[in-house]
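Chains A and B supply the protein sequences, listed in that same order.
In this text, residue positions in the first sequence follow our numbering: the first is 1, and each later residue adds one.
In this text, residue positions in the second sequence follow our numbering: the first is 1, and each later residue adds one.
There's no promise every hint is true.
The list cannot tell twin chains apart, which means a pair is met if one copy fits it or any two copies do.
List time: in silico SDA-like cross-link candidates among lysine to any residue, alpha-carbon distance up to 20 Å [said to hold, decoys possible]:
#1 Lys30 - Ala240
#2 Lys30 - Glu264
#3 Lys30 - His236
#4 Lys30 - Ser164
#5 Lys30 - Leu188
In short, the hints are calculated from the structure, not lab data.
Protein chains: 2
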Amino acid sequence: MIDAGENRIPPSSLTVGEVGEFGVIDRATKGRTQSENTILGPGDDAALVAAPDGRVVVTTDMLVHGRHFRLDWSSPVDIGRKAIAQNGADIAAMGARCTGFVVALGCPADTPVNVTDGIFEGMWREAGRAGASVVGGDLVESTALVISVTALGALDGRGPVLRSGARAGDVVAVAGVLGWSAGGLAVLQSGISGHPKLVGAHRVPRPEYEQGVQAALAGATSLTDVSDGLLADLGHIAVASSVDIDLDSGSFSISDEMNSAAEELGVSPLSWMLTGGEDHALAGTFASAADLPDGWTVIGRTTDARGAPTVTVDSRSYSGPAGWTSFQ
Amino acid sequence: MIDAGENRIPPSSLTVGEVGEFGVIDRATKGRTQSENTILGPGDDAALVAAPDGRVVVTTDMLVHGRHFRLDWSSPVDIGRKAIAQNGADIAAMGARCTGFVVALGCPADTPVNVTDGIFEGMWREAGRAGASVVGGDLVESTALVISVTALGALDGRGPVLRSGARAGDVVAVAGVLGWSAGGLAVLQSGISGHPKLVGAHRVPRPEYEQGVQAALAGATSLTDVSDGLLADLGHIAVASSVDIDLDSGSFSISDEMNSAAEELGVSPLSWMLTGGEDHALAGTFASAADLPDGWTVIGRTTDARGAPTVTVDSRSYSGPAGWTSFQ
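All chains should be built: construct the whole structure from the sequences, respecting the hints.
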């Protein structure tokens, strides 16, 4: 599965148990270049990362094989990238930039070392895309493949952009794609062929990390990333800010590939865009007079909550499931 | 298993699947008090922690059920405490103080919510003991119980105490207990009764977090925590610093309970102290003229490495296994 041509680590027929804990870590770290945020990288009891304004943004997410990814649907490199991307997107969703990642990996002893090599390669690549690097980690034996990532970030003197800052009369806007990952997952689950953009988006989300800082600089009043589905994640902003949010379905631009995949599967592309998670687009609110940064699209407006805060589409409640939660 | 009298969360007969992701997180965070290091705690996309000198120390460890803990040997509170303790000890081992923890928990949907409540209760308690709090986390479904913790720390302007700073002629010293956890594990594995101190130490290590900062202030030249076994962990210092280390077996004080458990099991207590991990004592080196802080005991000396760096006991190589590694 792993694309050896893309991977800088030579293929191996050994297992993690044969190479051993320190051997795998050595393969994962050897010859890597740390970002300028790293003061001390892997190899000691802990790492040391710059936090220039005297504060550090921190978030963690765990991914479990069979639940959040599948080795028969995604390459190890893709899985490593996805694990970093979903954590890095949470840093961006505070209006911050990524400064470093620590990663913990649990896997069975008979896991091919090609798999762990690929996961770490993907982690390093995506960490670099986010402007940071892997500064430390842990490797343990477990019955199933499990990945835990913690991301660190810097606000460079700005305040964090919270979910609670939206005000009535703000515009709601998004940066990044919506529903692509959900469409790709539906394609994979149904077994139909084609639709490489959607499938690719499911395998590796491409958060636009820099849009978090851009939104903060443009005065975003609230911000989150779309990890559970647009309606669910905007619901968090609505509740935290005590506003109602109404989305304009006409403002969603639906790509040709999404239209064609949805038609083939007999579903509404809008349902993917409203309830599909894992694309890690950024969604937030801005004062109506604000100049939105390039890459942001207005998709709705906020009003004072008239009761329990709601998110509606064309002034009506959306009848499908709102999005992903664990244990559902 | 969970001691309801010690736990501030009311017992429940529900499972994690029944309570749901947000319900479990609510139970874990409600009414908790954040430490003074926390600028923004749980509830948004990420947390914000003070990093007063513009740098943050960071480390991560993953614990897997059946490999690093067992629910039939330890209470959920103990398991939560252990997960925090082993990460906090890594912060101390840099000469730093703990400023915050993020925690990720994976568990089956049929896990009793009493178990997750207990784990989080233990995490909060031990985080408080370390001078910090749980600032954020993640909860996901997995086939086995798995816990991943990331600890943050502050050096308050000091340099990190690395493994590589030992110099020939330094004294080797430890703070905290050695071999208690290994003794407790041997007691549990053999099924003999008694020896509550050792068993308790296996269930919950008690790192002396503040000794990391004390060692740094006293000019420690190198520092690590004893997680894999004294010989293994001092071996990391020997290699990183290019010194040989010789330990004086007569300098180890062996408690009565350890002597009696070892005698009952027919093993050497010294083997537990030299090769047992998980007590998270701190071990390091100091210039021979340094005034050691209270709580530190000299157990050996360093010399220039005469080849590949070695750790010997009474000038002889130790013949037992050196300590723990994953996948062995």
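Structure-based check of each hint:
Taking the shortest alpha-carbon separations for Lys30 and Ala240, only the inter-copy value of 16 Å comes in at or below 20 Å, while the best intra-copy value is 44 Å. For the identical chains of this complex, Lys30 and Glu264 are neighbours neither inside a copy (46 Å) nor across copies (46 Å), given an alpha-carbon limit of 20 Å. Taking identical chains as interchangeable, the C-alpha atoms of Lys30 and His236 lie at most 20 Å apart only when they sit on different chains, with a minimum of 18 Å there against 41 Å within one chain. With identical chains, the CA atoms of Lys30 and Ser164 are at most 20 Å apart between copies only, with a shortest distance of 18 Å across copies and 43 Å within one.
Taking identical chains as interchangeable, the C-alpha atoms of Lys30 and Leu188 are never at most 20 Å apart, the minima being 35 Å within one chain and 40 Å between chains.
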